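In order, the protein sequences belong to chains A and Y. Number 129 in my numbering belongs to position 129 of the first sequence; there are no gaps in the numbering. Number 96 in my numbering belongs to position 96 of the second sequence; there are no gaps in the numbering.
These are calculated hints, taken from the structure and not from any lab test. All values derive from a computational prediction rather than experimental measurement. There may be inaccurate statements among the hints.
If we take Cβ atoms under 7 angstroms as the criterion, some of the chain Y residues that face chain A in the derived model are [unchecked claim]:
hint, residue
1, 19
2, 23
3, 36
4, 43
5, 50
6, 56
7, 60
8, 62
9, 64
10, 66
11, 71
12, 73
13, 84
14, 86
15, 94
16, 98
Capping the alpha-carbon separation at 20 angstroms, the derived lysine to any residue pairs in SDA-like fashion look like this [said to hold, decoys possible]:
hint, chain 1, residue 1, chain 2, residue 2
17, Y, 23, Y, 74
18, Y, 74, A, 98
19, A, 98, Y, 19
20, Y, 74, A, 29
21, Y, 70, A, 23
Some chain A residues well away from chain Y (every beta-carbon gap over 12 angstroms; in silico) [stated by the list, open to error]:
hint, residue
22, 27
23, 83
24, 86
25, 117
26, 157
27, 197
A virtual CB, placed ideally from N, CA and C, is assigned to each residue, including glycine.
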Amino acid sequence: MADIATHDTDHATDHGHHSSTGLSNNKLAMWLFLGSECLLFGGLISTYMLYRGRVQNGPHPSQIYDIPFTSVSSFVLLMSSLTMVLAVSSAHRKDDSKTNLWLLITGLLGATFVGGQVYEFTTFYREGLGFTTSLFSSSFYSLTGFHGVHVSVGVIMLMSLMGIIKKGKITGDKAEVVELIGLYWHFVDVVWIIIFTLVYLIPS
Amino acid sequence: MTTVTETHEDTQEHGMSDAGYIKIAVILALITALEVSTYYVDFGPLFMPALLIMMVVKFVMVVSYFMHLKFDSKIFSFLFYTGLGLAIFVYCTFLATFKFFIA
């Protein structure tokens, strides 16, 4: 009986707090947050879809989009989802060195994507597409900009997580912390899957 | 307590092997290549439905396998898909409303 009690206490310490459903509170909160993020991006995507044809001044979407370049960016972000899931898998195996390696690669791929977006925005601006040039440009920069900020926040979280793991400062379930950040990262990826198709591939 | 322990262990034991994740990533990359090909090749009337179907397939694959929603509790699926459903509802209402006013 005493053994069972010790086991239960250890388990509770290792895996954090759980709700009455038996599920992790942290994971429940993260999924709730991601559900609410769907609404944020839903609003931004609908605004873009409504205004993408409204080009009074400045270049038209088809004149400025560089599909080969954006395709490579999309591929980079997609592959970062693979490296993230491999980091989560390593964390479940309690392999800290591999977890950190995959987190580093994921962060670098994310930073490459953000760098590509900065390059794209700069190019568009030089071609005459400012934030207030047209309804299309405002909605385009708002949507892709918000997504870029999410990726940047994700990169910061990944780098911070690496530092925390190295210093051994995670109390409780380390794999769950990696998984939670992984959920956020994959969400950012699925939002880009939608943006890439609706914004770049389907002509206005 | 037993329920808590069992539920959590179930969550950890499910999921896929690393090789399985790589297979999913290869499929996703192939679908992306197919999506990009629609920019260069004329798919005629199939263009729009093909792109939308590929987008949905990629979305579901990432959410189900990489985010483990297929293997996790249904409560997580409910929370996420409720948000997504509301977002789609808002999107449809938004566009329909503007169409109405323009008409």
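Taking the hints in turn, this is what the structure says about them:
Contact between residue 19 of chain Y and chain A, as hinted, is not supported at the beta carbon level, the nearest pair being about 11 angstroms apart and thus beyond 7 angstroms. The beta carbon of residue 23 of chain Y is not positioned within 7 angstroms of any beta carbon in chain A (closest approach about 10 angstroms), and the interface hint is therefore violated. Hint status for residue 36 of chain Y: holds, given a least beta-carbon distance of 5 angstroms to chain A, under 7 angstroms. A cut of 7 angstroms between beta carbons decides the hint on residue 43 of chain Y: the least distance to chain A is about 11 angstroms, and the hint is violated.
Against a cut-off of 7 angstroms between C-beta atoms, the interface hint on residue 50 of chain Y is violated, since the closest Cβ of chain A lies about 10 angstroms away. Residue-level restraint check for residue 56 of chain Y is violated (minimum Cβ-Cβ distance to chain A is 9 angstroms; threshold 7 angstroms). Checking residue 60 of chain Y against chain A by beta carbon gives a least distance of about 9 angstroms; that is not within 7 angstroms, so the hint is violated. Below 7 angstroms, beta-carbon pairs count as interface contacts, and residue 62 of chain Y has one with chain A at about 5 angstroms; its hint therefore holds.
Because the smallest distance between the Cβ of residue 64 of chain Y and any Cβ of chain A comes to about 11 angstroms, over 7 angstroms, the interface hint for this residue is violated. Annotation: interface hint on residue 66 of chain Y holds; nearest CB of chain A at approximately 5 angstroms, less than 7 angstroms. Because the beta carbon of residue 71 of chain Y sits about 12 angstroms from the nearest beta carbon in chain A, more than 7 angstroms, this interface hint is broken. Taking 7 angstroms as the C-beta contact cut-off toward chain A, the hint placing residue 73 of chain Y at the interface holds, the least distance being around 5 angstroms.
At its closest, the beta carbon of residue 84 of chain Y sits 5 angstroms from a beta carbon of chain A; the interface hint therefore holds under the 7 angstroms criterion. Below 7 angstroms, beta-carbon pairs count as interface contacts, and residue 86 of chain Y has one with chain A at about 6 angstroms; its hint therefore holds. Annotation: residue 94 of chain Y was flagged as interfacial toward chain A, and the flag holds, the nearest CB pair being 4 angstroms apart, inside 7 angstroms. Using the Cβ-Cβ criterion of 7 angstroms, the hint placing residue 98 of chain Y at the interface with chain A is satisfied: the shortest such distance is roughly 6 angstroms.
The straight-line distance between the Cα atoms of residue 23 of chain Y and residue 74 of chain Y is roughly 25 angstroms, outside the 20 angstroms bound, and the hint therefore fails. Among the hinted pairs, residue 74 of chain Y with residue 98 of chain A is inconsistent with the structure: their alpha-carbon atoms are about 30 angstroms apart, more than 20 angstroms. Taking the CA atoms of residue 98 of chain A and residue 19 of chain Y, the gap is near 16 angstroms; set against the 20 angstroms cutoff, the hint holds. Distance check on the hinted pair: residue 74 of chain Y and residue 29 of chain A sit about 14 angstroms apart at the alpha-carbon level, within 20 angstroms; holds.
Only pairs whose Cα atoms come within 20 angstroms are accepted, and residue 70 of chain Y paired with residue 23 of chain A is accepted, the gap being roughly 15 angstroms. Residue placement check: residue 27 of chain A does not keep its beta carbon more than 12 angstroms from all beta carbons of chain Y (closest about 7 angstroms). With a closest Cβ-Cβ approach of about 9 angstroms to chain Y, residue 83 of chain A is found to fall inside the 12 angstroms limit, against its non-interface label. A cut-off of 12 angstroms between C-beta atoms contradicts the statement that residue 86 of chain A is not in contact with chain Y; the least separation is 6 angstroms.
Non-interface call for residue 117 of chain A relative to chain Y: holds, since the shortest CB-CB distance, roughly 17 angstroms, exceeds 12 angstroms. Listed as outside the interface, residue 157 of chain A is consistent with that label: its C-beta sits roughly 16 angstroms from the nearest C-beta of chain Y, beyond the 12 angstroms cut-off. Against chain Y, the non-interface label of residue 197 of chain A is violated: not every CB pair exceeds 12 angstroms, the least being about 4 angstroms.
Violated hints for the displayed structure, listed by number in ascending order: 1, 2, 4, 5, 6, 7, 9, 11, 17, 18, 22, 23, 24, 27.
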